[in-house]
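Heads up: the protein sequence lines correspond to chains A and B, in order. Counting the first sequence from 1 gives a position; the working numbering is that position plus 45. Counting the second sequence from 1 gives a position; the working numbering is that position plus 146.
Errors might be hidden in some of the hints.
Simulated DEER-style distance windows between Cβ atoms [stated by the list, open to error]:
#: 1; chain 1: B; residue 1: V216; chain 2: A; residue 2: H315; range: 46 to 52 Å
#: 2; chain 1: B; residue 1: D292; chain 2: A; residue 2: A166; range: 31 to 37 Å
#: 3; chain 1: A; residue 1: R265; chain 2: B; residue 2: A398; range: 16 to 22 Å
#: 4; chain 1: B; residue 1: D179; chain 2: A; residue 2: H61; range: 56 to 62 Å
#: 5; chain 1: A; residue 1: E498; chain 2: B; residue 2: G374; range: 39 to 45 Å
#: 6; chain 1: A; residue 1: H113; chain 2: B; residue 2: S217; range: 38 to 44 Å
#: 7; chain 1: B; residue 1: A398; chain 2: A; residue 2: A363; range: 47 to 53 Å
#: 8; chain 1: A; residue 1: G399; chain 2: B; residue 2: A398; range: 25 to 31 Å
#: 9; chain 1: B; residue 1: A523; chain 2: A; residue 2: R265; range: 38 to 44 Å
#: 10; chain 1: A; residue 1: P362; chain 2: B; residue 2: E406; range: 36 to 42 Å
#: 11; chain 1: B; residue 1: H513; chain 2: A; residue 2: E498; range: 22 to 28 Å
To give a feel for the contact side, a few chain B residues facing chain A, derived at Cβ under 7 Å [unchecked claim]:
#: 12; residue: A243
#: 13; residue: D281
#: 14; residue: I303
#: 15; residue: N305
#: 16; residue: V306
#: 17; residue: G308
#: 18; residue: A338
#: 19; residue: R340
#: 20; residue: V342
#: 21; residue: R343
#: 22; residue: P345
#: 23; residue: P349
#: 24; residue: R356
#: 25; residue: G384
#: 26; residue: P439
#: 27; residue: V532
Just so you know, the hints here were simulated from the structure itself, not pulled from any lab data. The structure displayed is predicted, hence computed values, not measured ones. For each residue, glycine too, the CB sits at the ideal point set by N, CA and C.
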Amino acid sequence: MEKLAIVSEALRLELHDVLGPAGLLTEWAQRRTYESDGLTGYRAVPAFVALPENRDQVVGVVRACARHGVPLVPRGSGTGLSGGALPHPDGVLIALSRMRRVLDIDAANQRITVEPGVTNAQVSKAVAGYDLYYAPDPSSQVVCSIGGNVAENSGGAHCLKYGFTTHHVLGCEVVLPDGEVVELGGPTLDPLGYDLRGLFVGSEGTLGIVTKVTLRLLRRPEAVRTMVADFATPAAAGDAVGAIIAAGIVPAAVEMMDNLAIQAAEDDAHAGFDRDSGAALIVELDGPAAECEASFADVVGLCTDNGATAIRIADDPAERARVWKGRKAAFAAMGRLAPDYFVQDGVIPRTRLGECLDQISQMAAAAGLRVANVFHAGDGNLHPLVLYDGADAEVTERAETLSKQIAELCVAFGGSLSGEHGIGADKACSMPTMFTADDLAVMDRVRAAFDPEGRCNPDKVLPTPRLCGERPGPYKPHPLEAAGIIERM
Amino acid sequence: MTAETEAMIDVAATHRPRDLTGARAAVLAARDDDANILVRGAGTKLSWAGRPTTGRAWHVIDTRELNLLVSHDAGDMTATVQAGIALHDLQAELGRAGQEFGCDPPGTAGRSTVGGVFVANDGGPRRLRYGGVRDHVIGTTVVLADGTVARSGGDVIKNVAGYDLGKLWCGSLGTLGLVVELTLRLHPVPEATRAVRVPASAPVAAAVVRDLLASPVECSAMEWASVGRGALLLVLEGPARGLDTQVDAMIAIVRRHGAEAEPVDGASDQLDTWRQAHSAEAPATRARATSLPTDLATIAEALTAAVEGTPVEASLYSHAGLGLHDAVLTGGDTRDHAVVVNRWRDAVTRTGGHVVLRERPAELDDHVDPWGDPPPARYLDLMRSVKTALDPHGRFSPGRFVGGI
Chain A
46 MEKLAIVSEA
56 LRLELHDVLG
66 PAGLLTEWAQ
76 RRTYESDGLT
86 GYRAVPAFVA
96 LPENRDQVVG
106 VVRACARHGV
116 PLVPRGSGTG
126 LSGGALPHPD
136 GVLIALSRMR
146 RVLDIDAANQ
156 RITVEPGVTN
166 AQVSKAVAGY
176 DLYYAPDPSS
186 QVVCSIGGNV
196 AENSGGAHCL
206 KYGFTTHHVL
216 GCEVVLPDGE
226 VVELGGPTLD
236 PLGYDLRGLF
246 VGSEGTLGIV
256 TKVTLRLLRR
266 PEAVRTMVAD
276 FATPAAAGDA
286 VGAIIAAGIV
296 PAAVEMMDNL
306 AIQAAEDDAH
316 AGFDRDSGAA
326 LIVELDGPAA
336 ECEASFADVV
346 GLCTDNGATA
356 IRIADDPAER
366 ARVWKGRKAA
376 FAAMGRLAPD
386 YFVQDGVIPR
396 TRLGECLDQI
406 SQMAAAAGLR
416 VANVFHAGDG
426 NLHPLVLYDG
436 ADAEVTERAE
446 TLSKQIAELC
456 VAFGGSLSGE
466 HGIGADKACS
476 MPTMFTADDL
486 AVMDRVRAAF
496 DPEGRCNPDK
506 VLPTPRLCGE
516 RPGPYKPHPL
526 EAAGIIERM
Chain B
147 MTAETEAMID
157 VAATHRPRDL
167 TGARAAVLAA
177 RDDDANILVR
187 GAGTKLSWAG
197 RPTTGRAWHV
207 IDTRELNLLV
217 SHDAGDMTAT
227 VQAGIALHDL
237 QAELGRAGQE
247 FGCDPPGTAG
257 RSTVGGVFVA
267 NDGGPRRLRY
277 GGVRDHVIGT
287 TVVLADGTVA
297 RSGGDVIKNV
307 AGYDLGKLWC
317 GSLGTLGLVV
327 ELTLRLHPVP
337 EATRAVRVPA
347 SAPVAAAVVR
357 DLLASPVECS
367 AMEWASVGRG
377 ALLLVLEGPA
387 RGLDTQVDAM
397 IAIVRRHGAE
407 AEPVDGASDQ
417 LDTWRQAHSA
427 EAPATRARAT
437 SLPTDLATIA
447 EALTAAVEGT
457 PVEASLYSHA
467 GLGLHDAVLT
477 GGDTRDHAVV
487 VNRWRDAVTR
497 TGGHVVLRER
507 PAELDDHVDP
517 WGDPPPARYL
527 DLMRSVKTAL
537 DPHGRFSPGR
547 FVGGI
């Protein structure tokens with residue numbers, strides 16, 4: 046304890062030298078405001094909070110941590126939903142929110158370079174005058190930061206057509222865990238060497254701290270058409286989505302809400318959804334006007350053919366904004382249904398939607414809990430919201446278990462634990478349901494190539510015995526192993 | 147295998163695995179022999195990359211019998227393939243369901259394998275619309291040098307669980323491990339394709355491309371070639387009903403620059419001809435440059451300047467909307483090619499891009515490094531750490547990658 050206190054005081058002095066009094070939080074009450082990210086169930090008060098204003102300060106902080114062997118945890122805006130920015134109690138939390146300059150706009154080449162604390166929405170705002178925008182649009186886009194988006198490989202409603210953060214990051218300046226600075230990628234395509242930028246995006250803060258990002262921008266589409274179609278059941282709406290895909294149409298977005306989610310969203314946002322609808326399907330197309338019109342007519346026809354009970358076309362930007370407000374309000378609106386909720390982020394093959402939702406509903410009934418479903422129907426990314434009352438410890442535990450079971454159910458359906466929220470602290474112990482010990486060990490080898498001391502956002506993404514017990518999660522044989530094709534080394 | 151590469155290494159054994167078990171056995175056989183491993187598909191890119199390190203014997207792993215389409219889930223727009231399947235065969239199979247793998251490198255009529263295209267990070271004109279091969283691969287199964295089988299990604303398009311190791315394999319040219327299986331995201335085959343040809347010098351072409359990128363017209367490809375006084379091929383794809391309006395909008399933009407747009411018959415075939423121009427056969431040399439799209443004219447002028455006073459003739463084929471350029475050098479000897487490469491590389495580097503050599507006579511490497519100057523020390527160091535973490539004894543194609551990795 047005494048030794049820790051000595052290290053801590055020496056580190057404090059060094060951090061103070063790097064950051065000045067305004068850039069270092071040492072008081073418990075101040076540090077406590079950083080105790081969790083958007084996943085508030087996990088909390089830890091960090092030993093120090095660093096608020097660097099530029100890259101050199103980040104380097105100074107990281108070097109000080111390296112000298113003292115202290116863990117560091119990077120944080121953007123703290124909106125993450127998997128505990129990726131959960132502080133380490135003996136470590137330094139490095140919040141990048143003061144690094145919020147737009148450094149360069151190259152409109153002709155459709156590129157922008159920003160500091161990590163710039164919010165997602167600010168990027169699009171900064172280039173709106175050039176008819177450009179930044180495609181990934183997580184629901185938290187007004188608040189969440191580009192640095193956080195890079196760490197989590199964030200998605201959003203429009204990634205069916207436009208892809209995820211990884212498709213839009215050209216280059217990153219990264220401070221490695223030893224305090225050295227490297228440029229991964231760059232303004233041109235196909236940088237020399239291994240695509241370490243591609244590896245870094247989505248590494249959840251475990252490989253280093255991004256201090257500058259060059260992003261690819263897109264021309265704003267000429268036309269956008271949005272509609273809401275009502276169906277008797279989510280499975281019926283899922284069939285309509287199948288028909289749209291089979292027709293060779295790639296919508297910009299396809300979102301679905303089930304009845305419980307519609308009711309909550311409607312109470313909150315009054316967006317004009319039909320409260321009696323079994324499922325609301327939002328379909329948005331964009332692109333050149335003539336192409337968009339032609340495909341939109343097809344989509345309306347396909348929804349009707351597949352049993353839509355009503356179709357509402359959002360004809361003007363205000364109406365479209367209202368539809369999206371309703372959809373994006375769905376999470377926050379859950380407060381009207383229950384005091385608390387857990388949100389999952391599993392992905393299933395889209396074609397198995399009906400089956401999967403049936404199973405979720407059976408599991409919810411068995412647990413005596415309600416689950417509302419809001420999801421990106423085009424790519425099978427579910428967001429089941431498990432409703433509960435946190436005042437009751439037993440109910441909370443039941444809800445947490447159900448939530449975890451739903452994520453693992455997605456893996457059993459041939460999908461993924463997470464489509465966009467990340468693994469973080471929350472799902473690290475479920476990773477063995479999706480990957481073998483060998484798969485995970487290889488990821489760990491790559492991690493160690495960047496961070497041999499394991500100090501950069503430790504205990505996130507990959508399961509450890511300390512975190513998950515000696516046998517992290519239930520062991521499940523690799524499909525290839527079960528088939529006798531491979532053996533365990 | 148090209149004769150040149152074969153001549154450089156001492157091949158002790160050749161393996162032709164048909165499944166993951168066989169692939170792993172092949173890697174372990176090389177380990178037990180303390181041999182290096184050269185992975186090859188159709189061999190169309192064996193002349194890319196640097197010279198293999200000599201010293202150990204080599205085992206060649208030929209992936210062409212790993213040629214199964216394991217599954218095609220049309221409704222989910224994904225497919226899982228063994229790495230050695232020929233791209234041409236895969237496209238034919240997917241085409242029956244109206245889908246395709248949105249990657250169109252030159253040489254697809256040959257036997258290029260999907261795994262080869264992936265580890266070489268190769269692509270073609272339609273990358274402008276569909277993205278690079280890195281963007282299409284959503285899951286991978288790889289055998290590492292110690293026989294470890296490592297999967298990453300998965301079978302669904304949207305997935306952020308774990309590190310995206312597929313990005314590491316893409317472009318690694320077989321220096322990190324043996325890619326055995328890949329899961330791909332697919333796209334619908336566009337209903338119609340239209341193209342116009344625009345005679346245009348590089349500066350005019352650069353201006354047209356810039357305006358098209360800034361316009362709502364969504365081109366699938368923007369190609370520029372230095373043939374004659376230079377020409378652009380602009381390609382649009384999509385539902386037939388919407389396409390005429392887009393073609394008209396595109397032609398209007400072209401005319402603003404005083405250029406003429408000539409409609410092209412057989413747009414897909416024309417595009418294929420332009421695509422194939424991006425490859426070369428020895429004794430020609432192909433050098434690949436990267437730049438910002440707006441630097442097209444600078445890149446083209448630098449190439450013209452680089453051949454001055456040499457017997458070399460240079461043609462430039464650019465994916466103009468992407469900033470990727472292939473110079474094909476003919477005539478002269480390898481020393482002359484080296485002079486041109488060095489001059490062009492200097493100029494391209496000054497714009498912030500770089501030049502690497504692809505197909506070329508093997509002797510060219512006596513005079514010029516195929517990768518150019520090594521990258522910054524800490525970055526190279528980091529790449530070496532990744533290599534060592536995955537292949538600690540340096541068995542997979544040592545010497546062939548950037549910085550001698």
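- Query: Between P362 (chain A) and E406 (chain B), is the Cβ distance one that fits in 36 to 42 Å?
  - Reply: Given about 38 Å between the Cβ atoms, the range holds.
- Query: Is the shortest C-beta separation between V342 (chain B) and chain A less than 7 Å?
  - Reply: Status violated, d = 16 Å.
Holds or violated: the 46 to 52 Å window for the beta-carbon distance between V216 (chain B) and H315 (chain A)?
Because 49 Å falls inside the window, the suggested range holds.
R356 (chain B) as an interface hint toward chain A, with CB separation required under 7 Å: holds, 5 Å
**Message:** Does A338 (chain B) hold up as a contact with chain A if the rule is Cβ-Cβ below 7 Å?
**Reply:** The hint is violated - A338 (chain B) has no Cβ within 7 Å of chain A, the shortest such distance being about 11 Å.
Legend entry - Restraint outcome when P345 (chain B) is required to lie within 7 Å of chain A by C-beta distance: violated, 23 Å
Checklist entry - Should the hint that G399 (chain A) and A398 (chain B) are 25 to 31 Å apart at their CB atoms be regarded as holding? => result Distance hint for G399 (chain A), A398 (chain B) is violated at roughly 47 Å.
**Request:** Identify whether the interface hint at V532 (chain B) stands, where standing means a beta carbon of chain A within less than 7 Å of its own.
**Result:** For V532 (chain B), the interface hint holds, since the closest Cβ of chain A sits about 5 Å away, which is under 7 Å.
Close enough to count: is the Cβ of V306 (chain B) nearer than 7 Å to one in chain A?
-> Since chain A brings a Cβ to about 5 Å from V306 (chain B), closer than 7 Å, the hint holds.
- Item | Hint check: 7 Å Cβ-Cβ cutoff, G308 (chain B) to chain A | With Cβ-Cβ at 6 Å, under 7 Å, it holds.
Regarding the hint that P349 (chain B) lies at the interface with chain A, is the smallest CB-CB distance below 7 Å? Nearest chain A Cβ about 14 Å off; hint violated.
### Message
Please check whether A398 (chain B) and A363 (chain A) have a Cβ separation lying inside 47 to 53 Å.
### Response
The hint (47 to 53 Å, Cβ to Cβ) is violated, given that A398 (chain B) and A363 (chain A) are roughly 31 Å apart.
In summary, the structure is inconsistent with hints 2, 5, 6, 7, 8, 11, 12, 18, 19, 20, 21, 22 and 23 from the numbered list given earlier, while agreeing with the others.
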